[in-house]
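Asks: Mind docking chain B on chain A? Use the hints.
Protein chains in written order, with the numbering used here: chain A, 1 to 426; chain B, 1001 to 1092.
Any given hint could be a false lead.
To be verified - Computed from the model, here is a short list of chain A residues facing chain B with C-beta under 10 Å:
(1) Asn-152
(2) Leu-316
(3) Pro-321
(4) Thr-392
It should be emphasised that the hints constitute simulated quantities derived from the structure, not laboratory data.
Quick caveat, the model's predicted, so the values are computed rather than measured.
Quick reminder that beta carbons are idealized off the backbone N, C-alpha and C, glycines included.
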Amino acid sequence: MSLTTRPVADPTTPTREGAFGHARTLSCRECGHQAPLGPHYACPECFGPLEVAYDFPTVTREQIEAGPRNIWRYKALLPVPDDIEQSPNTEPGFTRLLRADNLARELGLTRLWVKDDSTNPTNSFKDRVVACALSAARELHASVFACPSTGNLANAVAAAGARAGIRTVVFIPSNLEHPKQVNSAVYTDRLVAVNGSYDDVNRLASEIAGEEEGWAFVNVNVRPYYAEGSKTLGYEIAEQLGWRLPDQVVIPVASGSQLTKVDKAFRELVELGLVEDKPYRIFGAQATGCSPVSTAFKSGTDAVRPVRPDTIAKSLAIGNPADGVYVLDICRRTGGAVEDVSDDEVREGILLLARTEGIFTETAGGTTVGVLRKLVATGRLDPDLETVVINTGMGLKTLDAVADRVGAAATIEPSYDAFAATGLTG
Amino acid sequence: MSVQVRIPTILRTYTGGESEVSASGTTLAEVLDDLEGSYAGIRGRIVDETGELRRFVNVYVGNDDVRFLDNLATPTPDGTQVSVIPAVAGGC
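So that you can see chain A by itself, here it is in the shape it has in the complex (with noise of 0.2 Å):
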């Protein structure tokens, strides 16, 4: 099977109205340049990312309140047709968010929710996203669904992907989990595995998407409209906290989009009226072993220099973290911060969740649960304010991390005096 087989259909520009819903324009975070809706994610003037810019109409909770039980009851303040809800797509979202008192029990807070992405489709947040990508990549008449990937990416763009009859093409580094391989290969016959880092695999779709018309990457050239499917978890967040916003978040930072996302979300919402004004923080997570911009945060700087990656948290593990300054900025704004915990806390951090909530996460929200920790013991953290911890996927996908840390306590005959002598009656 030829994986450069060239399409036919270029997409420059939408071919109907409301193609991107209310979106208005893509606007340059950097300098504020305005550029057409299509598939366009750099700024020709300073290389800044384009961000979607929309005019509202009015949305009220009960209309969002009456919409279905997935990111599509947020259609209005996503870039996607009215019509989205009649195009195959995985229906990602509205998942759970757990009271975890349990949890809070431990780490000596009093009010703490789990935000838990790893009940979407293929188990993590990235179905969100990916669903807003494939709206952008059916609208501009795409004909293949692509993307670099930590692995969790490639599960979701394969997946939508084979859902929607489009089809797709996924680059992965070679070294990656084994089951996130799998996970990605059960969907689609054209995985592609890179010998190098994700900053190289990234390098190389950048390089593939200037060379081949027809192609989307969900986090290259359709990145405006695919990283606004991260808003949904702020507003579902507010929503479900009975449409208020939280005093305190804490997210992972990979390139660091989530995080500026879940903040935008949480604007939006004051904007449209849905939810009061009210100060929040909010808070970064990285593993040590990729934590460019914890070190910047700490170091009181405003650059972030890459770093090369050496953590088992491989979906953070992104050495250039490209929204790595905006997370800084919306960090400090907010009072928030940003910190990193070594691979051990992680593992930690993936057990003492399991432990006392039932809820198994992958390296990445062990360690978001690892900084949690940290960041209560050392006072950065109120551990009396109403706290959300996001869990961005599913423990399944890395259980390598906690293989060789868990297993069983004894191992006995069928008998009762055997199972008495374990100790564990009672």
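Replies: Just chain B now, with coordinates in the frame of chain A:
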């Protein structure tokens, strides 16, 4: 020293649509100066007003990000490929 420079889509308006062009120079800074001589205006898109690489552009000499090397002073041996690539988001 002659090098090949890969041009991202958003800068191809400067190169007449060419995705790869030739330039010369013993360092990245000299290569960018030479590019400017051939394609006026392109240098200012890659470096900012202070003369530093813009923070959302990644430049590679060979396979290495120049921020792991000597930035604009990075040597560009004869035959090297220089790649100019916008930053890409990924992960969380």
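Asks: Hint by hint, where does the structure go against what was stated? Just the numbers, ascending.
Replies: none
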